[in-house]
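For the sequence shown, UniProt numbering assigns the number 1 to the initial residue and increments by one for each residue that follows.
Because the hints were derived from the structure by calculation, they are not lab data.
Because the structure is a prediction, the values reported are computed rather than measured.
Worth double-checking, as some hints may not be accurate.
[Claimed, not checked] Each computed BS3-like pair below joins lysine-lysine, with the alpha-carbon atoms no more than 30 Å apart:
1) Lys485 / Lys436
2) Lys142 / Lys585
3) Lys284 / Lys107
4) Lys619 / Lys528
5) Lys403 / Lys101
6) Lys244 / Lys131
7) Lys539 / Lys552
8) Lys228 / Lys41
9) Lys142 / Lys528
10) Lys244 / Lys41
11) Lys136 / Lys552
12) Lys226 / Lys107
13) Lys148 / Lys124
14) Lys115 / Lys34
15) Lys281 / Lys539
16) Lys38 / Lys124
17) Lys313 / Lys620
18) Lys228 / Lys623
19) Lys403 / Lys347
20) Lys561 / Lys228
21) Lys231 / Lys148
22) Lys619 / Lys306
23) Lys538 / Lys347
24) Lys539 / Lys101
25) Lys539 / Lys284
26) Lys282 / Lys620
27) Lys539 / Lys619
28) Lys101 / Lys115
29) Lys281 / Lys538
30) Lys115 / Lys139
31) Lys107 / Lys552
32) Lys197 / Lys306
33) Lys347 / Lys226
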Amino acid sequence: MDPVGVNSIETAALGRPFQLGMLYDCRQKLKSAKPVVKTVKRWTNETERVLQACFELTDWSVFEAAANDLDELTETVTSYISFCEDMCIPTRTYLTYNNDKPWFTAKLRQLRQAKEDAYRYGDKVLYKQAKYTLEKEIKVAKRNYSEKLRNKFYSSDFSSVWKGLKVITNYKTPSPSTVENQQLADDLNEFYCRFEKTPLTPPTTLLSPTPALQISEDEVRQVFRKNKRRKAPGPDGVTPTCLKTCADQLAPIFSQIFNRSLELCEVPSCFKRSTIIPVPKKPKITGLNDYRPVALTSVVMKSFEKLVLAYLKDITRPLLDPLQFAYRSLDDAVNMGLHFILQHLDKSGTYVRILFVDFSSAFNTIIPNLLLQKLTQLSVPTSICQWITSFLTDRQQLVKLGKFSSCTRTISTGAPQGCVLSPLLFSLYTNDCTSKDPSVKLLKFADDTTVIGLIQDGDESAYRQEVKELTVWCSHNNLELNTLKTVEMTVDFRKNPPALPPLTIMDRTVMTVETFRFLGNTISQDLKWDIHIDATVKKAQQRLFFLRQLRKFNLPQELLKQFYTAIIESILCTSITVWFSSATKSDLRRLHRTVRTAERIIGTTLPTLQELYLSRVSKKAGKITLDPSHPAHSLFELLP
């Protein structure tokens with residue numbers, strides 16, 4: 001509280017009839033956030049037609065004739081597209097205030113200012129009248145905005161509806177504050193390049209010429225149309241909205257560029273540039289490793305990668321490790337691990353040791369030449385192998401931290417996080433990392449690796465040998481084990497289990513835990529789900545507050561149900577096929593109570609968790625039975 005003014009008045013006090021009293025006019029000193037200036041492009045039907053006409057009148061053969069190589073052609077075409085977009089699509093600059101709501105119009109802002117002026121001048125009558133007028137107009141504005149959301153819902157404009165619901169409820173994903181300065185940006189870029197290796201000469205004796213993959217205009221057109229408008233553009237400046245809107249006009253030139261790239265086994269340099277955005281992994285930052293590097297790459301290149309990805313998956317699917325769940329659901333990996341554990345524990349004299357392995361920046365450690373050898377062994381065509389090598393080498397990257405940008409570095413190690421191909425390339429890179437002993441299961445979900453040792457009669461030799469071989473494999477393949485975050489959990493249901501000898505990796509004793517967050521599920525050593533369900537119920541009940549806020553806004557039931565499905569039901573049903581059948585009656589009652597509370601708020605019936613569980617189990621079982629490559633396929637037998 002700061003005294004902003006002092007008034008002196010004469011007051012009658014005990015024993016001093018003419019005492020001079022001092023009244024301090026104190027006001028709270030508030031921190032006000034500065035308004036944010038935003039500039040956005042105004043995409044309308046008219047401006048989209050103008051941009052489409054611009055590209056239809058473009059003679060792309062002029063670019064092809066003037067370019068000396070693929071790099072120059074691609075750079076010129078992308079620069080031209082970005083230029084045309086800037087010329088044809090107008091921009092709008094506006095101020096956004098931290099506490100303004102979408103229904104808070106310019107008229108309401110004027111009325112609020114009038115109320116504040118009346119308060120400042122001390123005019124009680126004028127203040128009361130201004131306050132009444134403002135409150136009345138706010139009710140009208142909220143009613144109009146509610147009607148606007150209702151109309152958008154019935155017109156299937158769900159994106160705008162969802163955005164409005166989040167603003168009304170003030171539902172925000174917490175984002176930790178970060179320090180922004182030039183030195184930190186440079187340090188992060190240096191840190192992300194720490195795995196850089198001197199490239200080795202790639203082997204050529206095992207390679208044989210193979211025809212290049214051919215991509216049609218129609219395939220390019222379809223993948224362009226699937227771009228999401230709200231995604232950020234890459235360093236080349238081409239936006240996903242432009243590709244989506246002008247897919248028919250841009251498909252011919254880009255299909256030529258894509259096919260030329262595959263024919264030459266060379267990725268254009270502008271497609272390999274990336275801007276790294278450091279995303280904090282946790283609220284309190286203690287070091288450079290607490291930032292996750294997310295790469296903003298060319299949207300055109302991402303579309304190109306999707307086409308190559310589909311081709312690569314078809315080729316490599318029969319040869320992939322069946323316990324690699326990268327392109328299956330998280331539930332499949334957890335369910336398969338639990339199946340191995342429970343099936344083994346049915347025998348007498350058994351227990352299970354589970355090692356949860358953590359890698360340091362796994363995607364950033366891929367060595368292209370090693371990957372080339374592994375792809376060749378998987379019978380991937382030579383031209384695709386060489387194209388992937390070009391994709392991973394000589395990549396330019398910089399780190400952008402707010403308004404600060406680091407210097408550009410050229411690297412040839414790793415696959416950028418955020419690229420479409422990166423998860424598959426890492427899965428292929430680690431495909432030969434498997435367990436040779438049937439009593440040890442090695443489950444993988446992209447870069448999440450779990451070693452399950454099925455111990456019989458206290459014989460841990462196979463388990464310890466597989467852990468040792470995993471450590472050696474990581475050393476030979478440039479993967480760095482994070483021994484500080486690698487932990488072990490023991491599941492032992494014997495009556496009097498003895499103390500087990502600790503596990504050591506790289507001269508460091510592995511820490512043992514009683515619970516662990518395994519692929520989104522909190523698993524405990526007694527294989528009960530009370531801790532996981534506690535967290536689930538708590539999170540769902542917290543979000544019921546937002547549903548109540550919407551109810552006060554007098555929104556229709558359809559919108560309330562949509563919000564419930566997206567925000568609350570999605571929490572309750574996360575991995576429901578894993579834990580629901582093992583939940584206790586007490587836990588189930590708490591879960592059902594949350595659903596019934598939501599029903600009372602909305603005023604309608606909602607699907608029960610039992611119905612959702614049975615529906616999802618049925619769908620999952622159907623998918624597994626239709627997929628012979630699924631590791632759980634043999635566990636299902638169709639009824640006659």
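query: Is Lys101 within 30 Å of Lys115, Cα to Cα?
result: 18 Å, holds
query: Does the structure keep Lys403 and Lys101 at a Cα separation of 30 Å or less?
result: With a Cα-Cα distance of about 27 Å, the restraint between Lys403 and Lys101 holds, given a limit of 30 Å.
field: Pair hint Lys136 and Lys552, alpha-carbon separation not exceeding 30 Å
entry: 16 Å, holds
- prompt: Within 30 Å, alpha carbon to alpha carbon, are Lys561 and Lys228?
  reply: Holds - the C-alpha atoms of Lys228 and Lys561 are around 25 Å apart, at most 30 Å.
- request: Mind checking the alpha carbons of Lys142 and Lys585 for me, to see if they're no more than 30 Å apart?
  value: 43 Å, violated
query: Within a Cα-Cα threshold of 30 Å, do Lys619 and Lys528 meet the stated pairing?
result: 25 Å, holds
query: Is the straight-line distance between the alpha-carbon of Lys538 and that of Lys347 30 Å or less?
result: Violated, at about 37 Å.
message: Tell me if the straight-line CA distance from Lys228 to Lys623 falls inside 30 Å.
response: 27 Å, holds
message: Need the status of pair Lys115, Lys34: alpha-carbon distance at most 30 Å?
response: 22 Å, holds
query: Taking 30 Å as the top limit, are the C-alpha atoms of Lys539 and Lys284 close enough?
result: Measuring from Cα to Cα gives roughly 21 Å; hence the hint holds.
Pair hint Lys142 and Lys528, alpha-carbon separation not exceeding 30 Å: 47 Å, violated
Distance restraint between Lys539 and Lys552, which requires alpha-carbon spacing of 30 Å or less: Cα-Cα ~21 Å, so holds.
Checked against the numbered hints above, the structure breaks hints 2, 3, 6, 9, 12, 13, 16, 19, 23, 26 and 33 and satisfies the rest.
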